[in-house]
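Colleague: One letter stands for each residue in the lines below.
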Amino acid sequence: MARKDLLDIASLHREEIEFLLDQSTSFKKLFTRSVKKIPALEGKSVLMLFYEASTRTHSSFEVAAKRLSAEVTNFDVAHSSITKGESVRETIETLQAMRTDYIVVRHGHPGLPAMIARQTTASVINAGDGAHEHPTQALLDAFTIKEKFPDPRGKKVLIIGDILHSRVARSTSTLLQKLGVEVAYLGPGSLVPKYGPATIPRFTDYEAAMAWAPDVVYLLRVQMERQDVQFFPNVREYHRVYGITTARLAEIRDKGLYIMHPGPVNRGVELCDAVMDYERSLITNQVENGISIRMAVLDWLTPGGDFPKQEAYAARQQAGSSLLMP
Amino acid sequence: MLLLQNARIASENSPVLVESDVLIIEGIIQEIGTSLAIPEGARVIDARGRVLMPGMFDAHVHFRAPGFENKETITTGSEAAINGGITGVVMMPNTRPALDSATAIATVLENAKHRARIPVYTSGCVTKNREGEELAEIEGMHRLGVIMLTDDGDTTADPAVLLRAMQYATEFGMFFASHCEVPELAGPRALNEGVMSYRLGIKGSPACAEEIIIDRDIRLARAAGAHVHIQHVSSKMGMETIRWWKSRGDVKVTAEVAPHHLLFTDEHIGDYDTNYKMNPPLRTQADCDALLEGLKEGVFDLIATDHAPHTPFEKAQDFISAPNGITGLDTALVSLHHFFVEPGKFGWDLVVKRYSAEPRRLMGLPVAAIEVGQEANCVLFDTEAETTFTKEFMKSKSQNTPFIDQTLQGRVDMVILGTEILLER
Ligand SMILES: [Zn+2]
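If you read the protein sequences in the order shown, they are chains A and B.
Just so you know, the first sequence maps onto residues 1 to 326 in the numbering used here.
Just so you know, the second sequence maps onto residues 1001 to 1425 in the numbering used here.
Careful, some of the hints might be misleading.
Computed Cβ-Cβ distance ranges for the label pairs, DEER-style [said to hold, decoys possible]:
# : chain 1 : residue 1 : chain 2 : residue 2 : range
1 : B       : Gly1173   : A       : Glu90     : 48 to 54 angstroms
2 : A       : Thr302    : B       : Glu1240   : 51 to 57 angstroms
3 : B       : Gly1173   : A       : Ala53     : 57 to 63 angstroms
4 : A       : Glu90     : B       : Arg1164   : 44 to 50 angstroms
5 : A       : Thr302    : B       : Pro1159   : 54 to 60 angstroms
FYI, nobody ran anything at the bench for these hints, they're computed from the structure.
Where is the CB? At the ideal position from N, CA and C, for every residue including glycine.
Take the sequences, apply the hints, and build the full model.
Modeller: Take a look at the structure:
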């Protein structure tokens, strides 16, 4: 049941998700031991290919790989301007020649990790591709929720913020729905598209969203850098309308709701400072769980297999497009 | 001397195919009738069961020369046309350098004369280097026979510039072809804004980006007393906008639709398949249905492929990096037959009218028809045979089409132009 790659949540089966969450539980138990390393991936190489900077995800994968005894190499792309698909293909050829076992890739272009996966024998893990998917974030979110709600079916998660540009929103809501969790979106009309998934209720009013009675409030990072045009007037207004203000935190505390955030937090924007001390904030749990989830993923994937040549890909594409209508 | 026996003749005026013999002497259709006598020395072709129609004419192709000969040349592009039963084309001017001067036009036309076996016409730019600022050398290009002006690939952004160009060029009897899109609304111009763009995580281009410019350019043409031709319409509202303006009757508007916009939706992009990446983007089934309706009603005067070749290397990139466009000349006629004529959605008369007669009328050319006294300009088409669009079959230098390795019903068997048999299978 192991796969070569982890590219998205959409194509994962429920059993695979359950398996990864179970494995993560086992790996997490290792954390309390004095020797945290196990030899599961000894002799294997993990290549980190981060076209977008990300300290958090990058170091989480690195720690996970090292705890499994893999050798970790960083491919230096962060400081180069080589980000277009054309040059990425040249990089892939180099990587294939190096016969690395795993490639953890983050890139601003959706679908690019899948393209790499088709052209290498390495197991490719999507560590975030543009506004498309971020599967390990979704898994760690689900794992964090399951620690509080062992049977999460019927629980409600309200995701607040920039739904339009968020790969976290896409992956996490897809995964939670697969686990029977109800998901709703709240955010400015310019950032919560009307054509989002029909199964996800969409609020633009905070009070109405709270009346939906969520168990978890999941705040997305406001990514000013990803906005080529202005989607809301300013961050103060954003905080007042969609943020967790001091007054709203009191209400959340009263109701005993959990708070999550994929980090890094913009304090005073998504949430007020006091949230960091809130006893039901799961933000640091998410960071911690990121490591065990990524260990589970690395351990689960199976590198190698036939080198999928361009022709094979072409054939697969045709198989797909022979469903041509009418 | 050529005698085609028992061919089923298609024309723009009748949905009924008339079975007849056709005698061609010295490139002219001499006689049409039943059981014609076989003149001495004539080559006789048994065309029974096959459709004989005028050669198609594509008023929107990119032959990439000068500047991008790795994608296509005038030779490979015109051979792709012949391969698909097309006997005349109009090139778009977004080459490098752009076709914005008499010199550039003269070079291209000279090349076409030597390197193409069919007439290749070209449009010219509205503005210098398609930059939307200074007017191109309009009269100079007109002197060389250019009548269509367009900054295809980009909308002429400043309405004041376009209005002035319209006022100026209309005096020479020229008209304007508009690629309709507000770039600020369109993002990376890769796909329709909607469910699919959300799922793929790519900023989409909403249909309103097209509708706004369709409406804007028709209003400008009305103000200038110009003729505007709306290129490759992709949306339902775009079609309805044109229909409304045509019904008013106080401005000269023509419009075209591409086969791919009738056939494919954004859903076909699936797992980031770049063979479905084009501009304007593929939209929804409701849009396809509306475009078909518009074609049948005559809202669209013509079918044009927007033949847009790109190398396999370029298209093998990720969806955002890959260029927009698909090839269309090798596949157009067979795909129209397979998806529309064969299932009875429209007849050969519509194909002949919209893909042969009207495009020639738009360009001010004599219309090809299978009639006595006409120059032979015809295609013999087998509706029972199949065509598999392998890499080897394609004559275009590029194979960026969703039809690659697909088998469709219908086959272009013969293409005759004047005294030449351009293709025979
Ligand atoms: Zn074009």
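Colleague: All the hints need checking, so say for each whether the structure fits it.
Modeller: Tested hints:
1. Between B:Gly1173 and A:Glu90 the beta carbon distance is about 51 angstroms. The supplied range of 48 to 54 angstroms therefore holds.
2. Distance hint check: the CB atoms of A:Thr302 and B:Glu1240 are about 53 angstroms apart, consistent with the given range 51 to 57 angstroms.
3. Range check, B:Gly1173 to A:Ala53: Cβ separation about 58 angstroms, and the 57 to 63 angstroms hint holds.
4. Remark: the range hint 44 to 50 angstroms for A:Glu90 to B:Arg1164 is upheld by a beta-carbon distance near 46 angstroms.
5. With their beta carbons about 59 angstroms apart, A:Thr302 and B:Pro1159 fall inside the hinted range of 54 to 60 angstroms.
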